[in-house]
Every structure is written in C-alpha cells, then in structure tokens.
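Spelled out, the chains give:
Protein chains: 2
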Amino acid sequence: MNIVCLDLEGVLVPEIWITFSQASGIPELSRTTRDEPDYNKLMSFRLDILNKNNLKLPDIQRVISSMKVLPGALEFSNAVRERSQLIILSDTFEEFAKPLMAKLAWPSLFCNSLKVADDGTITGYKLRQHNGKREAIKAFKAMNMRVFAAGDSFNDLAMIREADSGCLFRAPDQIRKDYSIFSCMDTFEDLLAEIDKFLK
Amino acid sequence: MNIVCLDLEGVLVPEIWITFSQASGIPELSRTTRDEPDYNKLMSFRLDILNKNNLKLPDIQRVISSMKVLPGALEFSNAVRERSQLIILSDTFEEFAKPLMAKLAWPSLFCNSLKVADDGTITGYKLRQHNGKREAIKAFKAMNMRVFAAGDSFNDLAMIREADSGCLFRAPDQIRKDYSIFSCMDTFEDLLAEIDKFLK
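From first to last, the protein sequence lines stand for chains A and B. Per the working numbering: the first sequence = residues 28 to 227. Per the working numbering: the second sequence = residues 28 to 227.
Be careful, since some hints might not be right.
In this list, chains with the same sequence are indistinguishable; a pair is considered to hold if it fits within one copy or across any two.
[Said to hold, decoys possible] Derived pair list, reagent style DSS-like, types lysine-lysine, alpha-carbon separation capped at 30 Å:
1. Lys95 <-> Lys130
2. Lys168 <-> Lys79
3. Lys168 <-> Lys95
4. Lys224 <-> Lys142
5. Lys153 <-> Lys224
6. Lys83 <-> Lys224
7. Lys227 <-> Lys125
8. Lys227 <-> Lys142
9. Lys168 <-> Lys130
10. Lys153 <-> Lys227
11. Lys227 <-> Lys83
12. Lys142 <-> Lys165
13. Lys204 <-> Lys79
Read the hints as simulated data drawn from the structure, not as lab findings.
Sequences and hints are given; from them, build the entire structure.
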C-alpha cells in the first residue's frame, strides 16, 4: 500500500506566518523554517513578538480564515487522493490549520497544537513529537506502507530522506543548491508526474 | 493531537462480500469476519468459491461500483473530519474500496491489497501487516496521537482495545454479549456523541 506525505505551507497553502506578517504589518513575523532551521528558536521568537504586540489567537485565526489555498492545490490534492493515500505532515498548529483544511476538502493532517490561555493569548505550543515529520514516515514504513514525501523547507529534508521516494517542491535556491541530491519540482503537474512514477 | 479510527464495512458502507453474495447468487460468499474470526481461513474460502465460479476482479468491482454508502455515513464521516483526523482501518482491499472512498469524499484508508493475474483472476492477497488494525493504532500512539476506535466485528476488537478510547458500532448480538466490556452504539448520532466526549 502506498502513501503520499506532503508538507502544507509553501506546498498547498501560502506560508501562514508570512501572510500574518503582511496582514499585521510586522515584518519580523515573516521568518519561516526556510530562514531558521531551528524550529524552537523560531517559535519562541514569534510568540515573543505576538505578546509584545498584544496579538492573540483570534487575531491570527481571522487572517487565516481569509487565506486561499495556492492556485491548483485543491485539484492537485484531489488527484493525489484518487491515486493513493494522502497525509499532510506539517509543523503548523491544529488551531491554525482548520479553515485551510476545509478549503482542501479535509485531507488528513498530522501536526502540532498550541497552548492558549482563556483570553486567547498563545502561551506556548506542544510539538506532537521531536522530529515529527521523520517519525511519522518511519511509523508508516513500520506499517508496511511505501512512502513518497515532498516539501519545500529545511524541516522537510529528514522526511524526504526517510521516505522510500520523494522530492523538493518550490524550494528556495539555497536548499536546492545545498540538497541537490533531491530533485525539485516547481509545478503541481510535475509533482504529480513524480508521484505517478512512484506509484507505478 | 487526536485521531479517530473507524472500521469500513458494516460501519460506513455495507459488507462488500454480502452485497456481492446477493448480486452473484452465491450464498456461501456472505460469510464475513463477523462469522469467521480467522481472516486467512475466510479469504481462502472466498477465493476458492470465486475461482470455482469463474468470477474475476472486474465482476466484483462492477457490483461495488453500484453500492451506496450506509444512510448518514457521509454526513457522519464529514462531521468527524471537521472535529478530528479520521483514518479508516479496514481489512478490505484497495482494489475494492476505491469507488466507496469516492462516495465518502476520500477519507484516508489503510487496508490490504489483492494479487490479480492479467486476466483479472484474484490469485491471492497481501495483508499490509499481521494484526494491521491493532498495529496501526500502536503506531499512531507512538506518534503521540490520542486514538479513538470503533468497529463492528471480531477483527475490530484488538483495535478498540489498543486505542485510548473506543466502542463497538452496530455489532452482532454475540459480540455485544461476549465483549460487554465495550459499549455499543447503534446510531451515527450516538457514535458522534461518544467521539465528542473523547475529544473534550
């Protein structure tokens, strides 16, 4: 049995924090895992800025609800689900992802969750597990699944490496260059062709 | 992060083999895991009857394509997917399940696959793994998921037992009686209420 694991942000939907950075006019919030490979460092930095600006979960959720998925992402994701099983492996948070999942017709999503105070202040976050993306691939392989994985960021490299097959998707130049061992697709058409090759 | 694991046949869709038994007029094919707990024994029995009657994969797929999901199953499955992650854990085969998954708006499905000769004769089957349902629950728990599981048959008991919480759904009298340690729901409304209790 085959399974396709995809990163969410930058692959199927825009980067949530970049979108929120633009909407809130706080340029520092535009840093992502593309820029900062240390996720804990990145999140502490983000939560600190949110608190300094008195921004709470509902403020972010309002922006996310107005986001669209990337052009062609719904059609691509539907095409994958007709061919194989699809699980989205993301470092985002359940509290953020829901309106975007609705727009993608509810594919399965394994991600993290936030710690939120009663007044909506984000006080912290719970990583589902350390190296969650890679561990998920390992677990699927232990279930005798053949796994294909694709993503765009530093935090997708271990997942792609662990999978039976995979590639980068719309990765920034530095990652393409440093990890030229992986091919990099730039259109959903090409990514679907890679998946079809894997499924054959 | 929470995940709901559901059996497929008897829960969301009718029993495929019973439906095919009626369509083909072969009453012996109506035995299911409800009647025969030994899955390998049951499958050998089924494949033997298919071959004796010269019935091939396309004959079964034609019948499955005309099947409807159980009344309320699509709405129930959509409601679960809005609340949590849903993975269907089934002992059916990919080659059978596809038209039914389309009718359920493509939830994720972990199941088995068939060995099929070029002329469509089903020559055997590949179990994804031994005790596939229970092992999947173990793997999700190892991913730090909280798991709820529900099903109707002998082959669901280990899955329900392994999950953090769960119940039977429309189980036959004997299973209800022998496994009264598990509660048994009979409507999607009640099953959703159980899931809501778990998610709280």
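Against the structure, the hints come out as follows:
In the homo-oligomer, the alpha carbons of Lys95 and Lys130 lie at most 30 Å apart both inside one protomer (8 Å) and across protomers (26 Å), since each shortest distance falls under that limit. Proximity of Lys168 and Lys79 under a CA criterion of 30 Å is satisfied in neither setting, with 43 Å inside one chain copy and 37 Å between copies. With identical chains, the CA atoms of Lys168 and Lys95 are never at most 30 Å apart, being 33 Å at best within one copy and 32 Å at best between copies. Only between protomers do Lys224 and Lys142 lie at most 30 Å apart by alpha-carbon distance; the minimum there is 20 Å, versus 41 Å within a single protomer.
Within a single copy, Lys153 and Lys224 get their C-alpha atoms only as close as 36 Å, which misses the 30 Å cut-off; across copies the closest is 22 Å, which meets it. In this homomeric assembly, Lys83 and Lys224 come within 30 Å of each other (Cα to Cα) only across copies, at 27 Å, whereas the closest approach inside a single copy is 44 Å. For the identical chains of this complex, Lys227 and Lys125 are inter-copy neighbours only, at 17 Å across copies versus 33 Å inside a copy, given an alpha-carbon limit of 30 Å. In this assembly of identical chains, the alpha carbons of Lys227 and Lys142 lie at most 30 Å apart only when taken from different copies (15 Å versus 43 Å within one copy).
Taking CA atoms no more than 30 Å apart as the test, Lys168 paired with Lys130 passes in both settings, with 29 Å inside one copy and 28 Å between copies. With identical chains, the CA atoms of Lys153 and Lys227 are at most 30 Å apart between copies only, with a shortest distance of 17 Å across copies and 38 Å within one. Taking the shortest Cα distances, Lys227 and Lys83 sit within 30 Å of each other only across copies (22 Å), while inside one copy they are farther apart (47 Å). Proximity of Lys142 to Lys165 under the C-alpha cut-off of 30 Å is found in both arrangements, the shortest distances being 27 Å within a copy and 26 Å between copies.
In this homomeric assembly, Lys204 and Lys79 never come within 30 Å of each other (Cα to Cα): the closest approach is 37 Å inside a single copy and 59 Å across copies.
Going through the hint list in order, the structure does not satisfy hints 2, 3 and 13.
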